[in-house]
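Undergrad: Heads up, the sequence shown stops at 738 in the working numbering, and the numbers go up one at a time, no gaps.
Treat the hints as calculated values from the structure; they're not laboratory data.
Hints may be right or wrong, so weigh each one.
30 Å max Cα-Cα, derived DSS-like pairs, lysine-lysine [claimed, not checked]: (1) K682 - K695; (2) K515 - K528; (3) K635 - K702; (4) K708 - K626; (5) K542 - K457; (6) K603 - K618.
These numbers come from a predicted model, not from an experiment.
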Amino acid sequence: MKRYYRPRSSPDGPSLPSYDALARILQDNTTTAPAGKTEDPESNRAPLPDFEDDVQNKEVETYRTAMSKMAEDIIALRTQVVTLGTDNSQLRSDLTLHQGVGRHLLDAVDVDVMTKAEIADRIASLEFKLASESSKASAQRDKIQQLQNDLIRKNDSEKELLRLQRAHQQQQTVLQRYHRTVSKSAGLEATVKQQEKIIEEMEKVLDNTLAQKSNAERKTMMMMKMKATGEEDKRKEKATVAENSRLRGELDKMHSQPPQAAIIIQQPVQVFPDRERLNLLCKLEKAETRVRTLEKQLEDNSKRWGRQKQDMLTRLGEHNYGLDRTSSTIAHDLPLESV
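Generate the whole structure from the sequences, applying the supplied hints.
TA: This is the structure:
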């Protein structure tokens, strides 16, 4: 542990601090860089946030201001001590001179010639001078003692500042270690963000590929459905047209028969003429009903096939432009089989 000069007052008289007290105090505050290292340690320090730099700069500036102010106070006290010491020496010399002059006067003056009143006045004046010089010397001693006490307090403050400076240096070391850790964390975060961007791009590419495949499959299925529906409608239409043609042929054949032929046909059958006529009328009515039903069904099938064709073309256009329908919409738009 370093020792600091602490002047103490002695009972014999005021004692001044040594000539190198200020140099020793200021020498403890100076920090010299090690030999062979001219590199600034601030250059290797990790970049600190702005607000932390401001706080640290303020703390360092506060320490520097306190140190400079203390050094100025110590220099001023040292100057005052030297001045007071000079004044004290001058007063001591003056006191010695006055005592010598008084003694010389006493020796020079013949006491036998002087009267008692003159001797009493001379002694009173000398006592007054001695008291005034003693009071001045006491005041000087008090000032010196006060200056010594101020110097002791300054030394104590210097110790406290040195302790705070060491604590600040330790905090700076810990803070640098934390900043290195933070810089490593920032590098890791940047790497993680870059990897996340790469993963997002890969997911986008994968989604686009899957969407293209899904669109191709949907288009293929729709074309197959359209082809199957068209073939079925054509087959039904052909069957309906054939049935309609057959029924129309039968009707035309029945309408084209002359009355004589009907009479000739009816003449051989004389047993059940009314029943046969009733049967023929029933068959004719059924045939006409069947024809009307088939025509209605053909018309409905044609309309439905037109709607389905238009819907398929609309869906194909939507797929080409990237407008996909939901699965529920496609399921609800499927054609119903006719009974």
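Undergrad: Does each hint hold? Answer for all of them.
TA: Each hint, compared with the structure:
1. K682 - K695: holds (20 Å)
2. K515 - K528: holds (20 Å)
3. K635 - K702: It holds: about 13 Å lies between the C-alpha atoms, which stays within 30 Å.
4. K708 - K626: Holds, at roughly 10 Å.
5. K542 - K457: violated (37 Å)
6. K603 - K618: holds (22 Å)
Violated hint for the displayed structure: number 5, the only one.
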